[in-house]
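J.: Since the structure of chain Z is provided, determine the placement of chain R on it from the hints.
Top line first, the protein sequences correspond to chains Z and R.
Each residue of the first sequence is one higher than the last, beginning at 51 in our numbering.
Each residue of the second sequence is one higher than the last, beginning at 195 in our numbering.
Don't take every hint at face value.
To be verified - Calculated Cβ distances over 10 Å to all of chain R for the following chain Z residues:
(1) Leu68
(2) Gly433
(3) Ile537
Stated by the list, open to error - Derived coverage of chain R by chain Z (criterion: at least 3 residues anywhere in the stretch with Cβ under 8 Å from a Cβ of chain Z; other residues may be distant):
(4) 469 to 476
(5) 614 to 624
What the hints assert, rightly or not - Chain Z residues, not near chain R, derived (Cβ > 12 Å throughout):
(6) Ile64
(7) Ala88
(8) Leu358
Simulated from the structure, these hints should not be mistaken for lab results.
Small disclaimer: the values here were computed from a predicted structure and weren't measured.
Positions of the beta carbon are idealized from the N, C-alpha and C atoms, including for glycine.
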Amino acid sequence: MELLIWLIPLLPFIGFLLNVFVIRRERTAGLVASGMVAAAFVVTLIAVGVLASMPPEERRIVSTAWEWINTGSFQVPFAIMFDPLTAVMALLITGVGALIHVYSIGYMHGDPRVVRYFAYLNLFVTMMLFLVMANNLLLLFLGWEGVGLCSFLLIGFWFERKTAGEAAVKAFVVNRIGDAAFILAMLAIFTYFGTLNFYSEGEGGALGFLERVGDIAGLRVGPNWQPIFVSTAISFLLLIGATGKSAQFPLFVWLPDAMAGPTPVSALIHAATMVTGGVYLMARTEPLFVASFTTQGWVTWIGALTALMAGTAAMAQWDIKRVLAYSTVSQLGFMVAACGMGAYVAAIFHLLTHGIFKALLFLAAGSVIHGTHDTQDMRRMGGLKDAMPVTFRTYLIGALALAGIFPLAGFWSKDEILAHAVGHGHTPIFIILFITSLFTAFYMGRQVALIFFGTQRDPSYHPHESPQVMTVPLIVLAVGAIIGGAINLPVLHWLTDWLEPVLHEQAGEFNLWLALIATIGAVGMGYLGWWIYTTNAAKIKIGGKDPIYRYSGDIWEGMAEAWYLDRLYQRTVVAGFERLSDFLARVFDPQGVDGLVMGVGRFFGGLANSLRAVQTGYVRTYALVFTVGVLLVIGFMLWIAR
Amino acid sequence: MDALTIPPVDLGLIAPLLVVVTWATGLLLVDTFFIPVGRKKLTGYLAIAGLVVAGLVGLPLWGVSGSTFGGMVRLDPFALTLTWVFLLIGILSITMSLDYLPRQDIEQGEYYPLIMFAVSGMILLAQGADLIVLFLGIETLSITLYILTGFAYPRLTSEEAAMKYLVLGAFAAGFFVYGIALIFGATGSTRLSEIGAYAADRDLGDTNLTLLLGGAAMVLIAFSFKAALAPFHMWIPDVYQGSPTPVAAFMSVGTKGGALAALVRLLFEALPTLNAYWLPVLAGLTALTMVVGNLGAIAQMDVKRMLAYSSIGHAGYVMLGVMVAGEQRGPEAFIFYILVYALSNLGAFAVLIALEHQGEEAWQLDDFAGLYQRQPLLAVAMAIFMFSLAGVPPTAGFMAKFYALTAAWEGGLPWLALVGVLTSAIAAFFYLRVIIRMFMTEPEGEPAPELNRGLTIDIVVAAAGTIIIGLIPAPIFALVERSAVALGG
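The following block holds chain Z by itself, in its conformation from the complex:
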């Protein structure tokens, strides 16, 4: 059994190694990569079967490969585990992952670097599996950084396009902020618990920190005038880590840009799996979060605000993928808000269904882009439903699921979050999330209308349906998007029961009135969105304004720019940073600037003289700084000796 769970991450890793070192042909690369992930999915299914055969309270398999760190008190095993929470995540990753791999064979056909593409994709799946299977924070961090790296490489995969490179760097840098907080959280956890293991390793082993959260109850840290609870400090640091990876306010700016990567990558990494890593982290370390009332408030509000901001932004996008990107951010906000309200099962439920139907939407969007010869601007589309029937139908199913229309998957999971908000007195949160869900229906109606209805606005291309290797995964995912909600229907609540050993939650009450109102609202708003953009289809011009712009004016502009958060960072953080490094270079390192600015002059020879001229000056400057340092050091030491 232990060997079995190691197979899950190792199979894609073997695929990665084969693709890097052995495989040179496009066809083999795609087959091997897809086959490995599909095999991992099968193994996961078997492992889930084994897990289900065990008594609920014992459902955790831990396997230690070797002691990663062992010095005195500092013990970290290189160990993975398989428990109900890990199981559902692994099923999503390998299941949706395999479909996306297959789809990629068609989508990436003819690309000159396709072998590298599949190598990256396999590595990503490996790292993502390590992320969800780690039995300690350090190994989780390995996966965390690993998926970040693969995301970076894949966003920048088409580096010939300038935006791709920039978007990749942006994603990496923004994520580093979250990572820094993650490292600090690990340091703090190790200091207070002396271990980074989540749970005890088997019978009689030392307890993991999640089982000992009680130890820090009431413990405070910080300056005397404003001490904070240790549990708050730790969980808040983890929250910052999660906001980076799961693209939450104020760090969500990287995700829309990340759409510069190939569309299957957007589906796998930036919708279904990696970006849910933050939600998974919060669910996994749930005892730490629950222990801090303060952090939970922050989590809830960050999630709700993100949902609303991104939901409104999604309404005003023209790029087919940016709509979906903002929608993803918005839906992640739903999950985070659910975590904050303590509805972890609902969050995971939504994570799973969203993983399916958002992957479907992205892949279908990819099919549209593929069939329209790399068109992404929805103003240049229109009327594609006849040319691309399969894509249209699956897209429609995905859109209905996302909009939360009964009885599709999204309806059940979103309803569970909303019902929890109502049932537990989070009225303001409920209002925000409810409005957001109405917006969701609206922008999906708008998008479907813009892409598939009316007439084709740009006649310069001939749309065609995608090959079967792409449409079959779409159909499979569409079936999932229809029936996916079944895993946690009210009354039956299988998922809640399955996750009970990990999350210890009771099934929430089903709120019939809420379900009715939400469905009616979603249908109404979805229809409205569709109606506005079909009746006004003639007014939409390539490069023109949105029909609603006439009525909303600058608000629309604000939505299109996601409330200027990105621009704010550009003007403050990025500009400030550039100035600072510029300043440092000019003041402390003139030669560095010399290399930058006068690199050309250097080539043409005038170098020797100019260098000699400044040479003595340099040493003098250096000695001067040195002396200042000396005065400071000696002065300080003698001053405190007083």
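T.: Positioned in the frame of chain Z, the structure of chain R alone reads:
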């Protein structure tokens, strides 16, 4: 009046050092008389052999603790492990020089013995238990490095670098000597343990305390200069850029390791009772070093210069362990970091050498364009080094950084760990730029990198070490754990 007695000398305790010094001296003669011009590689092989022998000679000394030369030289697991690390640094540096020197037309036989002398200086720094010995060690290291820096003397930048290094180095040495004098004036001894005992036992009068603190401050400054702590770091970028690349590589890890090993001993044998004075100073310097090094690296387009700044930043991370060396985890983190940094940084410099061509300087970021297409394995190796320096798992650099941060955090300096985490988040940015150039740009007719045997061995060893220590660090942890025990006792 007592007759002058010569204290008993146990040469066994300095066996590795002795081997390195005698071998180097002999090698100078052999090189002059027996090795013809044009076959100087042979000298290099002999030098490597000498370093290997020195390492083997050290094996039976494992676990031994003792002093000799009247307590001026000490051997303990701490010193021995560092000795091995330094020997490894020497070996890797010589290996990467074997083809570099003829390619740059600066092949001279004395290069290799000079590296050996520098290594002997580093070993002396690890073993020294007396201020005079430490001074001897630091000067042995420095003077050979002055020569090595200027070794490419037809090249103007090399001469310039040597000159700058010499002038500022002399400046720093002056502080060292003056500091020793003041400390001797205050305590009547230059022996670290005796200074420590003097400072601990007696209530120092005002005058003596002032003298001791003044002296300590000056010695700390001299070490800070060698270890490249800000604001005594200004020489680093110019000197690294100007010196022959293998020398810069050697310097970046060697001087840091040697100087900080000595600093650990100084702080925890001579000055532990005064830590209320030096800890805030060193903590401040460390924070400044991490900030300056990592911010400075961002603006660089020249990879060699970027690595120079990065080495300043890493000096800060090494210091995290040094400062809390009174705790068990401090020296552990220090040795571990030096070893890991040596592997990753020497590897990165070796890749630079592979890209370097005669007379041309191929260190610009753009020279890395599309390296993956041109030389996939070289690009992968460089990526490993960059990730390790940036501290991304599963490389050894992550382990080292995480361990150093843990040490500082537990040692009562959480704010410094915070600065470390934040600056290393910034650092990722400039290491990443190299990776972007290698993997995400198309080559534009850059000449193929020249990889020959020495370089290949270097790069493979360094890359394998970086990955293996990242995945299975336990044996190394066990080693440093046992090396760190004896300290402070």
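J.: Next, verify each hint and record whether it holds.
T.: These are the hints, each one checked on the structure:
no.	hint	in the structure
1	Leu68	holds (15 Å)
2	Gly433	holds (37 Å)
3	Ile537	holds (33 Å)
4	469 to 476	holds (count 5)
5	614 to 624	holds (count 7)
6	Ile64	holds (17 Å)
7	Ala88	holds (26 Å)
8	Leu358	holds (29 Å)
The structure shown violates none of the earlier numbered hints.
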